[in-house]
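Protein chains in written order, with numbering that gives the first Met the number 0: chain L, 0 to 320; chain W, 0 to 291; chain R, 0 to 324.
In case anyone wonders, no lab produced these hints; they're calculated from the structure.
In this text, all values refer to a predicted model and were calculated from it rather than measured experimentally.
There's no promise every hint is true.
[To be verified] Some chain R residues flagged as far from chain L (calculated, every beta-carbon gap over 10 Å):
1. L6
2. I14
3. V120
4. I132
5. I156
6. L246
7. V259
8. L297
9. V304
[Claimed, not checked] One side of the interface only, derived from the structure: several residues of chain W facing chain R at Cβ under 10 Å:
10. Y113
11. V131
12. P136
13. H193
14. V196
15. L220
16. G239
17. L271
Each residue gets a CB set at the ideal place from its N, CA and C atoms; glycine is no exception.
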Amino acid sequence: MELLKIDNLKTYFKTSKGIVRAVDGVSFSIERGQAVGLVGESGCGKTTTALSIVNLLPENGKITEGSILLDGKDLTKLSKDRVRKQRWKNVSIVFQSAMNALNPVMKVGDQVIEAIMYHNHLTYEEARKKTKELFDLVEIDKNRIDNYPHEFSGGMKQRVMIAMALACDPKLIIGDEPTTALDVIVQAQILNLLNKIKEELNTGLLIITHDLSILGEVCDEIVIMYAGKIVEKGRTEQIYEEHLHPYTYKLFKSFPDIQGERILEEALMGRAPNLSDHLPGCRFNPRCSFASDKCRIEEPKLKEASPGHYCACHYGGVWNG
Amino acid sequence: MKNSEHEIVYKGYKEFFNIFIHNKMAVAGAVILGVFITVALMGSLVYPFDLQEFGTAGDVMNPPDRSHLLGTDDMGRDVLGNLIAGTRVSLLVGLLSTLISMILGTVLGIYAGYYDNIISTIIMQVTNFFLVIPWLPLMLVLTAILGTSIWNIIFVIGMTSWPGTARIVRAQTLSIRERPFIERITAIGADTGHIMVKHILPNVFPLVFANTILVSAEAILSETTLSFLGLGDVSRSSWGMMLHYAFESGAASLGAYWYFLPPGICVVLLVLSFTFLGYALDEILNPKLKRR
Amino acid sequence: MNKQYVLKKIIYSLITIFAVLVFNYFLFRIMPGNPLQILMRNPNASAEAIEKTREMFGLDKPSYIQFFIYIKSLFQGDLGTSFLYKGQPVAQVIGNRILPTLLMIGAAEILAIIVGIFIGVISAWKRGTKIDIVSLSFSLISYAMPTFWIGIVFVTIFSVNLRIFPTSGMMTPGLSYADVIEKSSDVIKHMALPVLTMSLLLIGQYALVMRSTLVDVLTEDYITTAYAKGFKDDYVIKKHAVPNAMLPMITIIAINLGLVIAGAIQIETIFSWPGIGRLMYDAIKSRDYPLLQGIFLLITISVIVANLLADLTYGYLDPRVKSRS
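The following block holds chain L by itself, in its conformation from the complex (with noise of 0.2 Å):
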């Protein structure tokens, strides 16, 4: 069985603008020792569809349809209590490594301690045992845990983060941009702390980002959204070799190759489209420069193309020449 399940889930915002439908279908899964990376702009739905998962969005947010399956069981159907009882033993959030996801006031160690106290009934020393452990894991001088956040560095605090989410053992570890802020090289240590998590503790990850150098690097799977809508997903290897979307080829180009030719290839014009609004056909036709009547009347459903690579366009790579 699956470790995650998410089946055409739809969060929507109630604004004073109209609904904003953030998310708007999606379904993708995950398996255990797993990694999938969640991709896409600002505002496509990524952190939202995160957030879903473990409930925590805004008071003007609502799951309107759709089940996400952990383990089998719908959390979505589960009462608020329960909900609040199992986060970070099932599934824990590693934030995007701004600044202030750690409480300035308090001290590291018991950042930690508290989420394990509460969660595995242990006692304070027994827990600030566990701590110490996880500190090694993520290769942290064990006897900073009565520092403060500030005494740390950026790619520090981010390992403090994972070892705080790694506290309760969790099944799940969904990590919201988890790199984005931090320079190259400690971006290539917390990959590589994500891979060892992965590989030696079996949980299941999920990456949220925008940054696609990383993808390669942890994720198994690649999942690309578009204003709020799934356009592509499938296995690395094929997204990597084949780029179906014409948004996927449009975000993958803006990386330059280092090793690839020198050309300045075409920008993506224009913006992502506002999700309140109704928006016929292919969501992103406004900004596909392949984009045909049809297009602009029909909604693409997401198809597969060959053995788990899926595509959400009528032309799905028939387009490029």
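Given chain L, work out where chains W and R should sit, using these hints.
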């Protein structure tokens, strides 16, 4: 590029008016303030009152009746008339002293924020110095020394409140100065005066405007307090003076609620109207600034 | 928080205090006309007081010497002689009145901080609900009311009509007490309304600030992380949000001291509370300039010292500042 920036400001005024009308706090504040301003301007014409016209012994401290809707005070004068006449002073002092404070505070604040020289530092140190000194003792001492005419009071209140504005304006100017477009314009060769007036001022203005309103509220409270403590202009009616005499003549222990409640309520309402407007403006103007 | 940081703050405060001394000196010199003439015109001034003041002002000596005499006297604790109190040293007059003011302000601050923070936390937590709106309105309205007016209204309600509390003074005149407890309870009875009036104003302010600080804190990422860890609402607010929101409160308490002093002057006047505030009112009424100058100096220096203490306390409590090397 310059044109489009000015276009945004113009379109902003229309949109602003629209949002304003729909903001409950703004409307409430504006209405109440409007009432008070009308009374201040026309009150004495419609309902004349003479501070020197004392009543007879039997007229003193009478509860409300048909001839005196709010009763009489300790000198036999009509409370309602006094109240209406006092509106003018409260508003006059409040607004004029705020004007002094805002002009001084804005000019000094922009200078200190934009330039980085000795004068700027001096302005900052003086501002910080005056912010430490507790305002009421300072106002009391200054008024005691200079005298209690209404112009002195306006001057004193204005002089003690400009540092607060200066500090806010300076902070805002500093952040605007760092914005890329200022750098661009300077590089093109625009002169400082032009930058200040055409670019810094419009961006500082919304903040200044919202702050003005709150300063006005405080100025009105200051005048009321000064008058109450015996440092008001005895030749004019003001709500503060009414409360001063009410207290001195023991209206509270005599239960003459018609004497000490109405002036206080008027102060509260007027200050609230300014506060509502200030908060509403802040709400309307700030998110816009942030979004830009 | 290391010695250098503390030292820097103390030195800055000392410089400010010196600036205040200079300012105070010149402030009372800008009186139009010869100071001595004005003193002579004051009907309350006795010959002795005038002579002493002339000496203190050193009016027959050149300006800079006058200033040094002034500073020297200050360091000797000599603040001049009061007119109102017929020749008594200003320092003595003031000294007798400090305790009542401290008592009232202290009690009011403690009450206001506890209640204000509590209301602020509840408001922020239940943002937008009835409780929040009520407490917001309360804060707005209490700020719009002149402090003295609140005092008058309270006197009317509680003293005159309900007769629960006395109308004025710190103790019932002419009463002799069996023991400390009796004396204390009499003082407390008299203190109730002044403290209540002062607290009202402060509670409104503290609740408002606590609310807005907490609302800001609740938008931070580490709060989302705390929720993600599965903790309950009240745990997240108590253990993660409030500790972060408390730090700005210390700054606010210091900033509000001006408000407190303004309130004290008004409240002591209304309730005839024998403190510094009332003393200032009397000094103004009778144009007792030496006394006024002394009080002004004391109050301003107290505020500067209090600000310094608040600054240092903040530095001690905030781990980010504490470990700055």
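Notebook entry, point to check: Against the structure shown, which of the earlier numbered hints fail to hold, in ascending order?
Noted result: The structure conflicts with hints 6, 10, 13 and 14, although it agrees with all the remaining ones.
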